[in-house]
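Engineer: The residues making up each chain are set out below.
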Amino acid sequence: MDTIRIGVVTASDRASAGIYEDLSGKAIVETMEEYLLNPFEILYRCVPDEQERIEEALKELCDREGAALVVTTGGTGPAPRDVTPEATEAVCDKILPGFGELMRAVSLNYVPTAILSRQTAGIRGKSLIINLPGKPKSIRECLDAVFPAVPYCIDLIGGPYIVTNEEVIRAFRPKGS
Amino acid sequence: MDTIRIGVVTASDRASAGIYEDLSGKAIVETMEEYLLNPFEILYRCVPDEQERIEEALKELCDREGAALVVTTGGTGPAPRDVTPEATEAVCDKILPGFGELMRAVSLNYVPTAILSRQTAGIRGKSLIINLPGKPKSIRECLDAVFPAVPYCIDLIGGPYIVTNEEVIRAFRPKGS
Amino acid sequence: MDTIRIGVVTASDRASAGIYEDLSGKAIVETMEEYLLNPFEILYRCVPDEQERIEEALKELCDREGAALVVTTGGTGPAPRDVTPEATEAVCDKILPGFGELMRAVSLNYVPTAILSRQTAGIRGKSLIINLPGKPKSIRECLDAVFPAVPYCIDLIGGPYIVTNEEVIRAFRPKGS
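Residue numbers (this note's numbering), protein chains in the order written: chain A, 69 to 245; chain B, 69 to 245; chain C, 69 to 245.
Same shape as in the complex, but just chain A (with noise of 0.2 angstroms):
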């Protein structure tokens, strides 16, 4: 099986600061492991809410390191500070509306202010960009949501082969293709 490069980006001025632990970039790397059956790598970086710092290291994860799929987490709502999704739109090829739609939507049957969530994915070459809300519990019902078409995605843009662990979600992909 393919190894799978993962990018996780954490935007958050505290997290970056050392001020508090990133629990949101954990809950991602603990997801992965419960969802992959492919051997992966977790390349991590923790940014501050800064549009241009986000951009780089997004650019450098999918450019530079060859992840196919990145991650990010926080700076998705409507405050000043949240810029994610500038970031995402700013270094995509393609951006992919259906995420968003669809993270927003899982996320309203637990809360109504989830449709203050600007998060959004991508495509940059040969690499996936998810934006992913800021806590871990909405981070897990995001990536149920969407995980099952990400395989697939990842095999139209050229990346490695995805196998997911179907106890726990089961990857799709059309028949004949």
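One or more hints might be untrue.
Note that identical chains are pooled: a pair holds if it fits in a single copy or bridges any two copies.
[As the list claims (entries may be wrong)] Subject to a maximum C-alpha distance of 35 angstroms in a straight line, what follows is the list of computed DSBU-like cross-link-like pairs (lysine-lysine):
no.	residue 1	residue 2
1	Lys203	Lys127
2	Lys162	Lys94
3	Lys94	Lys127
4	Lys205	Lys127
In short, the hints are calculated from the structure, not lab data.
We have chain A already, so just place chains B and C on it with the hints.
Structural biologist: Frame of chain A; chains B and C shown alone:
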């Protein structure tokens, strides 16, 4: 309790020419009277369906009048003179796609033509701008859907603290926020 | 009854090279035969997955051929040569995000990879352009979901009056419109 300044912008060639009464603006005011426990002031503008005029009204209400919330009615459809979303996007720092998604999803429970609405929402400075439909009945359906997230959104952008009448509409603020 | 001119644009490298038959274009024509009571003419174009070629086909069908409705099939995914939404956004005066949202939501009932589709819709002059998926089965699911709003949309942009076979699909026009 803080006094809330609320902008109401009716975009309508006919209402602004005095050809018919602006029932939509009235419906918004009545809804706010039911929703809010804070004292509030309505800042009302009725303009023709011209992008520049709508932009001017939005900017004035946000920047000079200090409205924490600005709601528009009308001008969100596919017709050539429907330009309220264009004006909104032009003046906003951030767009919040979840508002339009949820309002369309809710309206789809009533009419299949809900998909023709391009209504959106966004942030300008310390103001939240929300596009509502043109018809009083649809206005209420949309406000009932999105308003639970409005007070927390306004907290996040540095606006006044909104308290709702929980028997009518329940504002949601995440624990620990 | 008005004669309706309908553009069908198949974006496919293989179909345009004659490597396989364009079953998607056929599926669209068959669906229109079932839906419409008006007489109609199909204006068919099959082009490779190149943004410029798709834009040219769309512009010609809208501007010179006077198509009230133009539907595309193919090229809406995340792969590098999927550029139909880009072409559509480039030629449209207004984008109608509700079409893509609803089509993705409907397709999600069948396949979790529906979120990979970037299909959208928009207005160019007096024409409505709708992106459909590439597979005949998904085409029908999407058209069944959005078509009830199509006749009224075309009314609003000054196009011909469409009458549907209500036993197959029910067009909705708001009362008093």
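Engineer: Against this structure, judge whether each hint is valid.
Structural biologist: Against the structure, the hints come out as follows:
1. Lys203 / Lys127: both (24 angstroms within a copy, 34 angstroms between copies)
2. Lys162 / Lys94: both (28 angstroms within a copy, 29 angstroms between copies)
3. Lys94 / Lys127: Classified as within; 22 angstroms inside a copy, 42 angstroms across copies.
4. Lys205 / Lys127: within (27 angstroms within a copy, 38 angstroms between copies)
Hint compliance for this structure: every hint is met.
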